[in-house]
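> Per the working numbering, residue 6 is the first one in the sequence shown, and the count goes up by one each step.
Everything labelled a hint here was simulated from the structure, so no lab data went into it. Just so it is clear, CB atoms sit at the ideal spot from N, CA and C, and this is done for glycine as well. There may be inaccurate statements among the hints.
[Stated by the list, open to error] Listed below are the simulated SDA-like cross-link pairs for lysine to any residue, each with C-alpha atoms no more than 20 Å apart in a straight line: (1) 93 - 105; (2) 63 - 47; (3) 102 - 83; (4) 92 - 108; (5) 92 - 104; (6) 92 - 82; (7) 63 - 51; (8) 93 - 82; (9) 50 - 62; (10) 102 - 85; (11) 23 - 12; (12) 13 - 25; (13) 23 - 35; (14) 63 - 53; (15) 93 - 77; (16) 92 - 75; (17) 92 - 80; (18) 93 - 75; (19) 93 - 109; (20) 63 - 75; (21) 63 - 52; (22) 63 - 74; (23) 93 - 81; (24) 13 - 23; (25) 92 - 102; (26) 13 - 30; (27) 50 - 34; (28) 50 - 33; (29) 50 - 38; (30) 102 - 91.
[As the list claims (entries may be wrong)] Computed beta-carbon distance windows for the label pairs: (31) 47 - 12: 28 to 38 Å; (32) 73 - 110: 51 to 61 Å; (33) 96 - 65: 38 to 48 Å; (34) 15 - 48: 42 to 52 Å; (35) 111 - 71: 50 to 60 Å; (36) 62 - 90: 53 to 63 Å.
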Amino acid sequence: MVEGRRPKAWDDLTSTLKTIGLFTSTLLRRRRVVVMKWRNVDDSKQQQQQQQQQQQQKQEQQQQQEQQQQQPQQQQQQQQQQHEHGKKSMVLYLRVKMLLYYNNSSNSSNSSSNSSSSSNSSSSSSSSSRKKKKKNMTMSIY
Numbered sequence: 006m007v008e009g010r011r012p013k014a015w016d017d018l019t020s021t022l023k024t025i026g027l028f029t030s031t032l033l034r035r036r037r038v039v040v041m042k043w044r045n046v047d048d049s050k051q052q053q054q055q056q057q058q059q060q061q062q063k064q065e066q067q068q069q070q071e072q073q074q075q076q077p078q079q080q081q082q083q084q085q086q087q088h089e090h091g092k093k094s095m096v097l098y099l100r101v102k103m104l105l106y107y108n109n110s111s112n113s114s115n116s117s118s119n120s121s122s123s124s125n126s127s128s129s130s131s132s133s134s135r136k137k138k139k140k141n142m143t144m145s146i147y
């Protein structure tokens, strides 16, 4: 080995290390750029997501306010509908009661007239049995 001069293998080694160093430094620089770009993209995505979340929260608040305003109106409408339904059902109940009452009274008059006509047509029955039939009919009506 000569003192002033390095061996060729050493030079080759240093040159390859330099090229490797340059390559790695450029890779690192590129990686930093790529990482920075991704961070920027991530930041912009996060900002968009935050804006969307804020808009959704505003919309939900508006919907809640609208629902709170509509609830008393809906309650009033439901109360009115229930009151009207109660009126209708009471009217129907009274109509049915009256119809039943009139049907029963007309049926009782029809049955008494039928019984009198049938008793009149039968000549063999006595007057006392007719009275008994009428009494039975009146008792069955009540």
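> Next, verify each hint and record whether it holds.
Hint check results:
1. For the hint pairing residue 93 with residue 105, the CA-to-CA distance comes to about 18 Å; that is within 20 Å, so the pair holds.
2. Between residue 63 and residue 47 the CA atoms are separated by roughly 24 Å; this puts the pair beyond 20 Å, and the hint is violated.
3. Between residue 102 and residue 83 the CA atoms are separated by roughly 28 Å; this puts the pair beyond 20 Å, and the hint is violated.
4. Restraint check for residue 92 and residue 108: not satisfied, since their Cα atoms lie roughly 24 Å apart, outside the 20 Å limit.
5. A C-alpha spacing of about 18 Å is found between residue 92 and residue 104, which places the hinted pair at or below 20 Å, so the restraint holds.
6. Distance check on the hinted pair: residue 92 and residue 82 sit about 15 Å apart at the alpha-carbon level, within 20 Å; holds.
7. A threshold of 20 Å between alpha carbons decides the hint, and for residue 63 with residue 51 the separation of about 18 Å falls inside it, so the pair holds.
8. Annotation: proposed proximity of residue 93 to residue 82 holds, straight-line Cα distance about 16 Å (limit 20 Å).
9. For the hint linking residue 50 to residue 62, the alpha-carbon distance of about 18 Å falls within 20 Å, and the restraint holds.
10. At roughly 26 Å between alpha-carbon atoms, residue 102 and residue 85 are farther apart than 20 Å, so this suggested pair is violated.
11. The straight-line distance between the Cα atoms of residue 23 and residue 12 is roughly 17 Å, inside the 20 Å bound, and the hint therefore holds.
12. Our distance criterion of 20 Å between C-alpha atoms is met by residue 13 and residue 25, whose separation comes to about 18 Å.
13. Restraint check: the Cα-Cα separation between residue 23 and residue 35 comes to about 18 Å, which is no more than 20 Å; the hinted pair holds.
14. At most 20 Å may separate the alpha-carbon atoms for a hinted pair to count; residue 63 and residue 53 meet this at roughly 15 Å.
15. As the CA atoms of residue 93 and residue 77 are separated by approximately 24 Å, the hinted pair breaks the 20 Å bound.
16. A distance of roughly 26 Å separates the Cα atoms of residue 92 and residue 75; the hinted pair therefore is violated under the 20 Å criterion.
17. In summary, the hint linking residue 92 to residue 80 is supported, as the alpha carbons are separated by about 18 Å, within the 20 Å threshold.
18. Proximity of residue 93 to residue 75 is assessed by CA-CA distance (about 27 Å); at most 20 Å being required, the pair is judged violated.
19. A distance of roughly 24 Å separates the Cα atoms of residue 93 and residue 109; the hinted pair therefore is violated under the 20 Å criterion.
20. Between residue 63 and residue 75 the alpha-carbon distance is near 18 Å, which keeps this suggested pair within the 20 Å criterion.
21. Between residue 63 and residue 52, the direct Cα distance comes to roughly 16 Å. Compliance with the 20 Å bound is thereby established for this hinted pair.
22. Restraint check for residue 63 and residue 74: the C-alpha separation of about 17 Å stays at or below 20 Å, so the hint holds.
23. With a C-alpha separation of about 18 Å, the suggested pair residue 93 and residue 81 falls inside the 20 Å cut-off, and the hint holds.
24. Distance restraint check for residue 13 and residue 23: the Cα-Cα separation of roughly 15 Å lies within the 20 Å cut-off, and the hinted pair is therefore satisfied.
25. This hinted pair checks out: residue 92 and residue 102 have alpha carbons roughly 15 Å apart, not beyond 20 Å.
26. Straight-line distance between C-alpha atoms of residue 13 and residue 30 comes to about 25 Å, which puts the hinted pair past the 20 Å bound.
27. Between residue 50 and residue 34, the direct Cα distance comes to roughly 24 Å. Violation of the 20 Å bound is thereby established for this hinted pair.
28. A C-alpha spacing of about 25 Å is found between residue 50 and residue 33, which places the hinted pair above 20 Å, so the restraint is violated.
29. At most 20 Å may separate the alpha-carbon atoms for a hinted pair to count; residue 50 and residue 38 meet this at roughly 18 Å.
30. Straight-line distance between C-alpha atoms of residue 102 and residue 91 comes to about 16 Å, which keeps the hinted pair within the 20 Å bound.
31. Checked against the hint of 28 to 38 Å, the C-beta distance between residue 47 and residue 12 comes to roughly 51 Å, which is inconsistent with it.
32. Checked against the hint of 51 to 61 Å, the pair residue 73 and residue 110 passes, with Cβ atoms roughly 57 Å apart.
33. For the pair residue 96 and residue 65, the supplied restraint of 38 to 48 Å holds, since their beta-carbon distance comes to about 45 Å.
34. Judged by the Cβ atoms, the range 42 to 52 Å given for residue 15 and residue 48 holds: they are separated by roughly 48 Å.
35. The hint said 50 to 60 Å for the Cβ distance between residue 111 and residue 71, and at roughly 58 Å that hint holds.
36. One distance hint, 53 to 63 Å for the beta-carbon pair residue 62 and residue 90, is violated here, with the actual separation near 40 Å.
Against the hints set out earlier in the document, violations occur for numbers 2, 3, 4, 10, 15, 16, 18, 19, 26, 27, 28, 31, 36.
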